[in-house]
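In order, the protein sequence lines correspond to chains A and B. With this note's numbering applied, the first sequence corresponds to residues 1 to 297, in that order. With this note's numbering applied, the second sequence corresponds to residues 1 to 319, in that order.
No wet-lab data here; the hints were simulated from the structure. Misleading hints may appear alongside valid ones.
Below, computed lysine-lysine pairings styled on DSSO-like, alpha-carbon distance capped at 27 Å [said to hold, decoys possible]: (1) A:177 to A:17; (2) A:261 to A:54; (3) A:66 to A:54; (4) B:28 to B:52; (5) B:28 to A:152; (6) A:177 to B:52.
Pairwise CB distance ranges (calculated) [to be verified]: (7) B:127 to A:160: 45 to 51 Å; (8) B:215 to A:251: 52 to 58 Å; (9) B:69 to A:274: 44 to 50 Å; (10) B:25 to A:274: 36 to 42 Å; (11) A:153 to B:166: 31 to 37 Å; (12) A:251 to B:217: 43 to 49 Å; (13) B:8 to A:210: 32 to 38 Å; (14) A:207 to B:22: 34 to 40 Å; (15) B:228 to A:256: 55 to 61 Å; (16) A:99 to B:131: 30 to 36 Å; (17) A:176 to B:13: 26 to 32 Å.
Note that CB positions come from ideal geometry on N, CA and C, so glycine has one too.
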Amino acid sequence: MTNSKETQAVKTPSTMKVIWQEFRHDRVAMFSLVFTIVLILGIFIYAASLNLEKVTNVNIFAQYDKPGQDGFLLGADEGGRDGLKMLVIGARNSIMIGFAVTVISSLFGIIYGMISGFYGGWLDNGMMRIYDFINILPEIMIIIVLVTIVPKYNSWTFIIIMSCFMWLSTARLIRSKALAESKRDYVSASRTSGTSDFKILFREVLPNLSSIIIVDTTLSFAGNIGIETGLSFLGFGLPDSTPSLGTLISYAQDPDVIGSKPWVWLPAAVIILVLTLSISYIGQALRRAGDAQQRRG
Amino acid sequence: MWKTILRRVVIMIPQIVILSLLVFILAKFMPGDPFTGSITPQTDASQLHALKVQAGLYDPWYTQYVHWVVNMFHGDFGTSYQFKEPVMAVIGGRAVNTLWLSLFTVILTYLIAIPLGLLAGRYEDTNLDRGIMFFNYVTYAIPLFVFLVLGLWLFGYVLGWFPSGGSISLSANGFFGNALSRLYHMILPGVLTALLSTTSTVQYLRSEIVDQKHQDMVATARAKGVPERKVFSRHILRNSLLPIAAFMGYSITGLLGGSVFVEQIFVYPGMGQLFLNSISNRDFSVITALVMIYGILALFGTLLSDIIMSIVDPRIRIK
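Whenever a hint applies, use it, and build me the whole structure from the sequences.
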């Protein structure tokens with residue numbers, strides 16, 4: 001009996017357990033986590049109850065209503081649309097696009113980085129040359145050009161175009177870690193005993209990279225929300241029919257609106273700030289959890 | 001030393017070729033041709049056809065590509081539809097504005113980042129360090145455009161300390177008047193962009209210093225009785241600051257990407273604003289030229305960084 005207790009005591013805690021410990025000891029991280037979940041859930045639930053057509057209907061009599069006027073809690077914009085409802089729908093769209101881009105680009109980046117780092121040699125060399133080249137491209141400009149010349153433009157084409165450029169940092173990070181892992185004894189041992197490369201990569205190396213992947217994906221999610229809203233702000237992001245937080249902030253490009261009608265764009269700016277700050281903080285806490293030297297818990 | 005630089009320059013040649021091919025392909029997908037802007041109801045269709053044949057628009061793509069590249073090396077990017085002027089003349093004046101703003105921002109970035117990184121590394125694990133790391137986390141997380149819009153609103157509109165747009169005021173005259181007015185217009189966009197660009201430099205400098213602190217040579221210096229101040233200024237700083245110089249080139253690349261946002265928000269007449277303006281007016285010859293110029297500038301930025309790095313750090317030189 002005592003024997004089994006001892007083995008339990010030296011067992012390495014699982015990744016999830018370590019993360020949970022870290023969050024329990026870091027109040028700010030815990031707060032960010034709960035806050036982000038509540039905010040995102042709230043946005044999705046409220047947005048689901050709204051009718052997009054009704055919300056985006058123009059009502060000229062309510063143009064630039066002040067907050068509180070005519071029952072608009074956050075006022076109304078140029079088209080007399082309810083600021084709060086537009087905000088919720090915009091936030092939902094931005095979160096969904098950011099999420100989709102993160103999933104696609106991270107998946108691609110992880111696979112690219114793992115293959116490049118694991119095999120090394122000429123394959124790695126070639127793949128890194130491609131990486132280097134895409135990395136120096138002026139990505140914002142090329143995305144904007146692609147957005148304007150692509151036929152049948154919609155949210156999905158936008159997600160694909162953005163993903164084409166957002167996998168780079170993930171690939172680089174994963175490559176360096178996979179390179180280090182591929183030189184470890186367990187990989188050689190597994191290879192000697194005849195395990196296929198595919199199995200070594202995805203069943204044995206991948207789990208060892210899981211904490212890095214979780215951190216990187218969280219941080220990319222915050223970053224991608226920032227880039228999507230930025231492109232929408234310039235007018236080259238989501239199509240006009242799908243409002244984004246960036247579209248709402250772009251109303252601030254009108255000198256009259258930015259100065260004297262802040263209720264039109266300020267709430268959207270605050271939501272972006274709050275979202276990116278809290279998601280990044282969660283990412284930082286996850287990073288600390290993944291690194292035994294930095295752990296607070 | 002020279003071998004490394006030469007090798008690095010040789011690597012750049014295929015990159016420029018692929019970049020130009022990519023830009024050429026993008027340009028071919030853009031609607032319109034060099035005569036679109038000059039078509040009027042009176043234009044004769046057969047005459048237009050003859051002009052197009054003469055300009056080589058019906059040639060095979062590789063002939064067109066070579067033609068385009070040769071023209072580009074002569075500084076000829078075609079004519080802007082919108083301004084009815086050679087593209088280079090349109091870009092020229094804007095490029096100077098972007099250059100000034102970028103230079104100003106780079107200097108500010110280092111002026112802010114280096115002291116912060118030094119202090120955070122020197123006083124590791126104190127409240128000062130934690131404060132600087134918090135600042136770093138904030139600058140990392142906030143999207144540039146949101147920060148710029150908020151800054152413009154607060155300092156340009158609510159407080160009214162700075163002009164809300166443009167690069168120079170109409171009433172400015174004389175050399176000093178012009179220079180001062182230019183500087184005054186650059187302060188707000190420059191400072192805001194610089195604040196957000198400090199993240200990687202602060203982070204890198206801090207971890208370099210923390211690393212150096214535990215080196216044997218630092219322990220030796222301390223054991224010899226070198227005062228703490230001198231250990232930092234002579235032994236640690238030298239090794240930590242040099243790699244920062246190499247970031248200079250990369251920061252050019254980063255700034256160019258941001259220039260689209262900065263110039264649009266502050267109505268600053270530079271290349272980034274020209275780019276967006278040309279996109280909305282479908283002025284494709286200007287767009288092609290700008291993408292090409294930005295790409296080449298980014299290439300030279302990384303080249304510069306790699307060269308500085310090889311001068312500073314002998315280990316990465318190729319024998």
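Hints and how they fare:
1. A:177 to A:17: holds, 22 Å
2. A:261 to A:54: Status holds; Cα separation ~23 Å.
3. A:66 to A:54: Holds, because 20 Å separates the two Cα atoms, which is no more than 27 Å.
4. B:28 to B:52: holds, 15 Å
5. B:28 to A:152: holds, 18 Å
6. A:177 to B:52: Status violated; Cα separation ~54 Å.
7. B:127 to A:160: 45 to 51 Å: 46 Å Cβ-Cβ, so the 45 to 51 Å window holds.
8. B:215 to A:251: 52 to 58 Å: Between residue 215 (chain B) and residue 251 (chain A), where Cβ atoms are some 54 Å apart, the hint holds.
9. B:69 to A:274: 44 to 50 Å: Cβ of residue 69 (chain B) to Cβ of residue 274 (chain A): about 49 Å, so the range 44 to 50 Å holds.
10. B:25 to A:274: 36 to 42 Å: holds, 41 Å
11. A:153 to B:166: 31 to 37 Å: holds, 33 Å
12. A:251 to B:217: 43 to 49 Å: violated, 58 Å
13. B:8 to A:210: 32 to 38 Å: holds, 37 Å
14. A:207 to B:22: 34 to 40 Å: Since residue 207 (chain A) and residue 22 (chain B) have Cβ atoms about 38 Å apart, the given range 34 to 40 Å holds.
15. B:228 to A:256: 55 to 61 Å: holds, 57 Å
16. A:99 to B:131: 30 to 36 Å: holds, 33 Å
17. A:176 to B:13: 26 to 32 Å: Holds - the Cβ-Cβ distance for residue 176 (chain A) and residue 13 (chain B), about 27 Å, lies within 26 to 32 Å.
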